[in-house]
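*Asks:* Residues per chain are reported as follows:
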Amino acid sequence: MRGRRRRTANIFELSKKVGTVLQDSDGQFIGLTVGEDIAFTLENDCEEQGRMKEVVQNVADIVDMGTLLNSSPFELSGGQKQRVAFAGVMVNDVEILLFDEPLANLDPATGKTAIDLIDRIQKQYQKTVVIIEHRLEDVLYRDVDRIIVVSDGRIAADMTPDELISSDILINLGIREPLYATALKYAGVRVTPDMHPGHLATLDMERVREPLQKWFQSRKPRGTAPEQEDILSAEHLSFQYTKKRKILQDINFHIKAGEMVSIVGTNGAGKSTLAKVICGFVHEDEGALYFEGESMADWTIKERSQKIGYVMQNPNQMICKPMIYDEVALGLRLRGTPEEEIGPKVEKALKICGLAPFRKWPVSALSFGQKKRVTIASILVLDPKVLILDEPTAGQDYRHYTEIMEFLKGLNAQGVTILMITHDMHLMLEYTPHAIVISDGKKIGDSTAVDILTDEEIAGRANLKITSLYELAKMAGIDDARGFVQYFIDYEREVHRG
Amino acid sequence: MKNKLFDYVERDNFIFRLSGLTKIICFFCLTFAVMLSYDIRPILCVFVFSFVVLHISEIKLSQIRLMLYYTMVFLLLNFILTFLFSPQYGVQIYGTKHVLFQITERYVVTQEQLLYQITKLVKYASVIPLGMLFLLTTNPSEFAASLSSIGVSYKASYALALTLRYFPDMIRDYNDIALAQQSRGLDLSKKEKLGVRLKNIMNICVPLIFSTMDRIEVISNAMDLRGFGKHKKRTWYAKKPLRKADYLSMLFCAAVFALTICISVFINHSRFWNPFI
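Protein sequences, first through last, are from chains A and B.
Taken in order, the first sequence gives residues 1133 to 1630; the numbers are from the numbering used here.
Taken in order, the second sequence gives residues 477 to 753; the numbers are from the numbering used here.
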């Protein structure tokens, strides 16, 4: 770094040169207000108060937070908290800005603005920006000079986006390519750097239009899956904490047995409240919920939990026993199940979750992803038919993300109906065929994930983003762009199965 | 939102505008004034004063209701127990005995005992609102700044401020965890026996502790990364400069303190005010 060996510089000196914006901007919000948080570094440098206020105002203006200096973290959205964290490192006038998975906790539309902001500041103030991220497509939305691919502690590639997208490196390492690039490869296009595939906007359409159209026309009509019975449904469901504001308003939905469904929407739209109503933590004010056609109005939390399991976002908030076996057995023991019946049930749940070899281990020895599986096992052991997961992949790196999602997919294949609260578009598109969109307490969309992510109106209101596949199809002159996206998803499932 | 306990809500009025340093000094002056004296006259003045200040500060009843209930229960209990254990303590102190009425041979209600106990009650009742007032009207960061300016190490000050700030978060976490555990069959309702209920509450506390430790780790990493603890000193963004109102308030509270001491020393010639001779 600037001629200095990193080893010899201590963390304080380093933080003068490199500003790091960590992944979880919520947990690292130190100050009580925006202004205070931005000033934190200056305070530690014994900066005099008048000058401190001036600098804080300046950097806050740069990240468009200048008018919110007195707001507390509870009043801010995820995107705004990230801006505060960003401003907090800018006060040092650092040369290098390092972003650790800046998109992990943001909804797609907010993520897009975040990348915009980073891009603007990089251009305006001539900073070196390093972004660590596995959502390549979202980062490539703005100019990136170089991409360094790291695998198993080694540098696997160091090249321009155009070169990287043209190569097989990403696929071989199991990293998600931009979806449009995958589509090109499926269509049999030989992607080369001179086609500029780094951005969808710079892609040389002349050379890919024909193969894409051909590929789309070659599709076969797909068979429809046999209709299943409703397992969970809601009719005119409404809920409010106070009289002033309705959190949920007239929600209707039908979820079929064996489905994998995502519930999406912006922060505060009412997704989590919906889950709480379903689990009976809070009681609906109007309307009714039905489980396999039977009204759940009189069911207690305990009765509901026999049928519907709820897994919290943070596994550390659920685990209360030091040993894995005891943790998984807890629910059964609390229900007074005889010990000889508990044994085989716990064994089975551990096996499903791939934890059988660890049954005698302490929980503390596990990784985050494994802990998540312990919490799922401790719910599965009660044999629920429906599993509700709150943000199952939030704050996870790509490896854990894939690990958890593949596991849930396997669980779903064994017949458990899965509902996921999420704002992750990739998750929606790749794993859940059915998506319910909630905005301001109302249901604004209920269809296939493909329909939702190709509908500009719904996507806009729920802070989602139109998938690049849709834009690619439009650019290639395919009229049925939605059909193209659907075909891509179906085709991909075939490829993975085969 | 039921997490109002200790939740700092910013308001703009005289009390909130005072610096944290002023508030802590005033709090100590008034508390010691009341604690050192057993003369009900100045104590009643402070008692009235603390409620006037509570009113000026515009703190909502809903914010302090729970604490008020606990305080009242405590005071009542204290009142009854004092009488049960030493019904003649007042007579001992004041040296006279004016009997009002007799319950049993041991329990005789005297004017002296009544005065003693009421004085004690008002003492506590005037200090507790002051404490609540201090907690609820002081911005935790500004409080830390004040503490460090009167010589407390800034690391300790900051730790205290963070604790105050995260208290509402912890209550929120507790509620979430309780719900999730209840859905696994944990019964916290009155249907369950007390022993089992206590054990079940333990099952909530363990994950609460672990998730709080996670939070602490994240925040302390973030603080390290941004240079906390680098120098022997630090400055404070939230520090309020002392204004005229601050000096006047401190002067006023110091005067109250001095006055009660003077009353004890020169007028009563003891900590007790004796109207019986």
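Hints were generated in silico from the structure; no laboratory data involved.
Errors might be hidden in some of the hints.
[Said to hold, decoys possible] Not the full set, but computed from the structure, chain A residues with beta-carbon under 8 Å of chain B:
| no. | residue |
| --- | --- |
| 1 | Gly1159 |
| 2 | Asn1176 |
| 3 | Cys1178 |
| 4 | His1415 |
| 5 | Met1455 |
| 6 | Leu1462 |
| 7 | Arg1467 |
| 8 | Leu1498 |
| 9 | Gln1502 |
A virtual CB, placed ideally from N, CA and C, is assigned to each residue, including glycine.
*Asks:* Determine which of the earlier numbered hints do not hold for this structure and return their numbers in increasing order.
*Replies:* 4, 5, 8, 9
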